[in-house]
Each structure stands twice: as structure tokens, then as C-alpha cells.
Amino acid sequence: MKREALVITAVLLLLAVVPAVQAEDLSKMRAILEKIDAQSRFDGVDFSALLTMIVEDPEEGIEKLVVRQFRRDDGERYLLLIQEPVTQRGQGYLLEGDNLWFYDPSSRQFAHTSLKETFQDSDVRNADFGSSSYASSYEIEGYGEDVLGSFETYIMDLKAVDDTVPFPYARIWVTKDTNLVLKAEEYSLTRRLMRSALFPKYAKVGEAIIPVQMIFVDELVEGKKTQVTLSEISTAKIPDHVFTKAYLERVNR
Amino acid sequence: MRILLTIAWRNVRQHKVKTAIIGLIMIIGIMVLVVGNSFMDTAAKGIERYYIKNYTGHLMITGKTRGNLTLFGFQDLTAMEQPVPRIPEYAEIVEFANSLQYVAVVNPQVSATAIVSRGEKTLGATQLFGIIPEQYQAMFPDNVEILEGGFWRPGEQGVLLNKAVAEILEEQVGFTFRPGDKLLFTSVSTHTGMRIREVEITGLFRFKQSNVQLDMVSLMDISNVRALAGMVVGSADPAQLSSEEQRFLGEIDEESIFGSLDSLFAEVSVEEPETEDDFWFSLLEGTEAAQAAAQEDTGAWQYLLVRLIDEKYLKQAEQDFAQFFADKGIAAQTRDWRQGAGALAELSYGIKSVFNTIVLIIAVVAVIIIMNTLVISVTERMSEIGTMRAIGAQKSFVRRMIVLETMLLSGISGLVGVAAGALVLLVLNRIGLQATNVFLEIIYGGPELRPELSWPAVLLSLVVIAAVGAMSSAYPTAIVMKTSPRKAMESSR
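Residue numbers (my numbering), protein chains in the order written: chain A, 1 to 253; chain B, 1001 to 1493.
Worth double-checking, as some hints may not be accurate.
[As the list claims (entries may be wrong)] Some chain B residues flagged as far from chain A (calculated, every beta-carbon gap over 10 Å):
#1 V1012
#2 Q1339
#3 R1400
#4 L1460
#5 L1462
#6 V1463
[As the list claims (entries may be wrong)] Just the calculated beta-carbon pair ranges, DEER-fashion:
#7 A:D25 with B:E1251: 29 to 39 Å
#8 A:T178 with B:L1249: 49 to 59 Å
#9 A:P58 with B:L1360: 56 to 66 Å
#10 B:G1299 with A:I62: 24 to 34 Å
#11 A:E232 with B:K1328: 49 to 59 Å
#12 A:V221 with B:I1358: 34 to 44 Å
Everything labelled a hint here was simulated from the structure, so no lab data went into it. Ideal placement from N, C-alpha and C gives every residue a C-beta, glycine not left out.
Please take these sequences and the hints and turn them into a complete structure.
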């Protein structure tokens, strides 16, 4: 009788403890997402870099784009200016909060576009040029552990809380020690894998840690992918006038 | 032969139940065949007339390319990956086309898909045909109904907005578009990236004969559509890649990428601040080169539509153009109106194939039923046949008798079936079948179908019924031939 009581007590204790452990783990995962977002932001400083994008397409061959990026996370602004190839030179994107404008120098016209759209004909989404927002845009559906190459990682299954992100579902691999995203798989509403992203190189720039090499694989078109490499990185103050439509017009004169 | 016919006719009349069952099956089968095939033939002719007359012409000349290229661009998985090629040696091809006696008229076009916006608001999308109004109207004189305004004047720019598109856009803005209003058109091409054009609405129109695909098409001046389709004179130089940039080309292996623990962090040099004002405005060295490269490739076209004086010249035209392209070494090709018309025309023909398959299945089932009925009938008459054999009738006589009996039945049933089918078609023709939804509109090739008796369908039905008769009589005949006259006579005891 005594033994039975002991077993029942143990089971009840276990039942009480398991959810608590899970809740603790979940809050730990949420904290990791917040850390990922925080360390990708440039608070108090501006950021600029030269982006080299290699778009590999089984039909079109290889295209190289050179893009100058200016970014100010206070106010969620960025300006992208395409320098190469010559047929796209001068085209630009200006983000002001939630508003993203595309500028076509051949007609000197601006058109409203979306962060969810692809950047030109690449596999990069316009949202990929800003700071990450995993904690505010997604909730955690599940989590686990995995080893990716030589790295111990957490895997998190994420579900978007609104429709502001390009993909409604994502699975990310985050290093346990440094909390850096190594890989992301992004899914459609029907949970079809749309894109995979790899982040093989990071760099510490000021207080932030950002990926300086990225590979985006189109999972719908076999053999299509885009690699992005950052160079000429600077955290120097960028003049306010750079984040304006007038700048895009003037730089094209 | 006369004796055979007399015996066969006697048998047909004597076994009334059997005759009625087999006859009815055959009549219904033939009627279904005649009505169904006439229906599909009328629809096919309608679709053909509808597309050729209204927006495809008989032939479409394009640059040589793989994939399912239609007037609306590529309609397969390569749609977003490859641009519609320009027609090489366009002027030479036009000159050749005009020199052919059987070519009535030609019309060049360029196609693009664009997002339509106004201010900060994205309103929707439209397919654009870049055209020269005079040439387009000469090719398709009856299909464009101007509702307001008109085409842009020669040498000017503008868009003739499809009313169906306008209604979708208007829902977003809450007012009605009028000639003089301006819209922003944005498109993406693999060659030139995104392009924006602000274009004035010069008029609103509708296609008199339209469908869901054509309802999305607006007509725009060729200059703006060329820009939106990325048809500029400049071309990007082949990409020169460093060894580091080539590292991830081709297959990538995650394990090797993340294989080294110390590979994750890269040393980067954070550069000194730029203070010079010049820096910010000299980032685009060589804007002149970009402007020159962005200039319109005047004279470039994606499609040349050809209307013939008669459809009978279609095969000849295809051969003549193929020969011309081969002789001159021009990388161009012809596609017929069905390829040009796109998914909807293909769907109509796909449905016809499905229908024909169903008819084939019905025919097979009919053969089995008729065969079984005949086997029973022949078995019942086994003693009679045995007696005939015993008094000297040859095997071939008995075989011909059974075949003739079946053919007689098939012939009469076939004619009655054709007559019944013709009657049904006459009624349907008088009433007219209205397409109450998009699916039916695709099958009918328009909003209404008035099916007519198709003689090829009648011929096909008669061939089918003859084949059914011949096949149905084969098995019972074989049974009779295997049975000896003595056994056959004994079977009646």
C-alpha cells in the first residue's frame, strides 16, 4: 500500500514538473529569439556596406549584382542602390518604416512595393535587408536540438503572428553557444518548403553581429540560388538626406 | 447471298427480344457518339474561329525557344525564368511574309505583365499587349469595342484599359477610371530588373469575344511595353566572379559549409567614415552608360501574328516559313494558333480527348454486352445450325450468316442512332446552349454553343458501329465453328 502511494505521488509530481520544465524551455527559446533580433540591430549607429549578389539560374545563367546598402535601424530605414549591372544601374529601394519604394531611373518614377517581394530577380526578399524580427513576428510552435556540421544547434519551428513577413512558417537552426542563425527553412501557408537560407559567415560590427555571407536557395526552381556577400562595411554616420526620394533622384543625375 | 440475307433477316425478326436489346444498345451508343462528337466538333470549330479571328491569327512567329510560349508569355514552370525572345531579323521576316500570296495580314506584338498602382496603393495586375493600333485593328477589326475615349494617337503613348481590368482596379480606389487618368505600371524582367512606367489612360474598351484570359489584357503603346518587358538596347556583361564567389556555385553541401568550428566568424575591416559630400553623389559613376543601356530597343518584337486568306494554307505556310528560316539561318519558328492561344485552347482540346476516351470505354462495354447476347442467341440456335451443317451448309456459309445477321442489326441500329442523334442536335441547335460558367465557356469556345451535325462524326459513328458488329459476331461464330454438326444437333435433345 505504501509502495503504491509512493508511485502515485511520484507520477503526480512528474506531471506537475514536466509542463513547468517545458514552459521554462519555451521561455528560454523566446529569449534566444529576442537575442538574435537584438544582436542583429544597429542601435545608435548607421550601417553601410557593399553587397555582391550572385544569382545563379538554370535558365538564365549567372548574374552579378552590386548593391550599395545604407541602413538606419532607428526608424527602420534603408536605402539600396544598384550599381551593377549597367542595365539596372541607379535603380533603388527606399524603406521608411512600413513604406518601401522602388525607384526606376529610366522613367524617374517611384512605385510602392513590399518587404515580402523578391529583390529584383534574385532569391532575396526585400525584408532580408533590414534587421531580423523573429521575436516580434513569430511564435514558437516547437523546438528541439540538432547538430549542423560541427555546431550544436537548437531547432525552432516558428509560425508568423501576422502577415508582415514573407513566409508564414519557418524552421531555424540556432547555435547553442552564440545564438546565431545558421540555417533557415521557410514555408508557405500549405507548409511547402519555399526557400532555404544558409548563413555560413558572421562578423562583429560594432555591437552588432551580422551575417556577411548568405546563401538563399529557391526550393521551387531546382538549381536556382543567390549568394550575398558583404564588403566595405562601415558604421559611420550617414547623412539624413540619403534616406530620401530626392537622394535617389539626385544620385542618378 | 440472297438466301443468306433472307435467313439473316428472318433471324433478326424471329428473335424480337434479342433484336430489341442489341438494337437499343447500338442506337443509344450511336446517338451518343453522333451528338457528342458533333458537339465537340462544333465547339472546336467555334474555338478555332474565335481565337484565329479575335486574337491569335493563324500563325505566330517567335524567336526560337523551348517551353510553352503563348501570346501571354511562357505558360509553364519556366514562366518566371526565361524572357520571351525577340524575333531575329524581324524586317526580313515581315518582308517575306508579305511576299506570300496566301498571307492576308500581319501584326507585330510584345507582351508584358504589370502590377498596376496609383500613389501608394497597389490596385491589381494586367497583361499588356504592346501594339501599333492601326496594324492591330487591321488584323482583328471586329473584336475591340471602344467604350470610352480611344486609342492613343500615332507617335503618342497611352493605354487602352480593358473594362474588365478597370472594374477590378476601381474596386480598390473607389472611383471610375476615365480617359486622362494616369496609372503606374511596374514589371520585373530578368534582363533589366524592375521597371516603372506612368501611362495615361486614353480609352476603355472590351473584347467583344472574350474569355477569362483575354479579360486580363489591356492594350498599350509599344514603347512602354518594350520598357516593361525589358527590351532595351543595353545588355549586362557576363558576370566575372572571384574564386570566393565561385565557391558556392552548383551543388552546395551544408555539412562541409558548417564543418569547421572556427569557420563561422569572419574578420572584416570596418571602414572609416565618409565625410566628403562628393562621395554620396558619385556612387553611380557612369550614369550615361546606364541611360544609354536603358534605351528602348526600337524595332524589337516578340510576336508576329499572321492571318492567312484561308486556313487550308496553314500547313503550306508552316513549311514555307520553316524553309525560309533554315535557308537564311534565322533562329525563329512558327507556332499555330492553338499554341498561341494558351492554356484555355489547350484545355478545350484536352476535354475533347477525355470525351473521346469515355466514348471508347462505352464502345468496349457495348461490344461485351452485344457479344454476350449474341452468344446466348447462337447457343439457343445450336441445333438449327447443326442441322444446316449436317445437310451440307459449309462453315463459311454459317459464318457469313451470323456476321450478316449482326451487320444487318448494326446497320439498321446505326442509321436509327444517327437519325436520333441528328434530331437531338437539331433541337439543341434551335435552343442554343448558354455557357453559364467559365468552365463551360472554355469548352464552348464562347458564351453560347449551337451544335451542328458533323459529317465526320456521322462517318466515325458508322465505322465504330460496323467495327462493333464485326467484333461482336467473332466470338459466337468461333463457338459455332468449334462445335461438330452431330453435337450441335444433339444439343436440342
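Verification of the supplied hints:
no. : hint                            : in the structure
1   : V1012                           : holds, 62 Å
2   : Q1339                           : holds, 20 Å
3   : R1400                           : holds, 63 Å
4   : L1460                           : holds, 43 Å
5   : L1462                           : holds, 50 Å
6   : V1463                           : holds, 46 Å
7   : A:D25 with B:E1251: 29 to 39 Å  : holds, 36 Å
8   : A:T178 with B:L1249: 49 to 59 Å : violated, 28 Å
9   : A:P58 with B:L1360: 56 to 66 Å  : violated, 40 Å
10  : B:G1299 with A:I62: 24 to 34 Å  : holds, 29 Å
11  : A:E232 with B:K1328: 49 to 59 Å : holds, 50 Å
12  : A:V221 with B:I1358: 34 to 44 Å : holds, 37 Å
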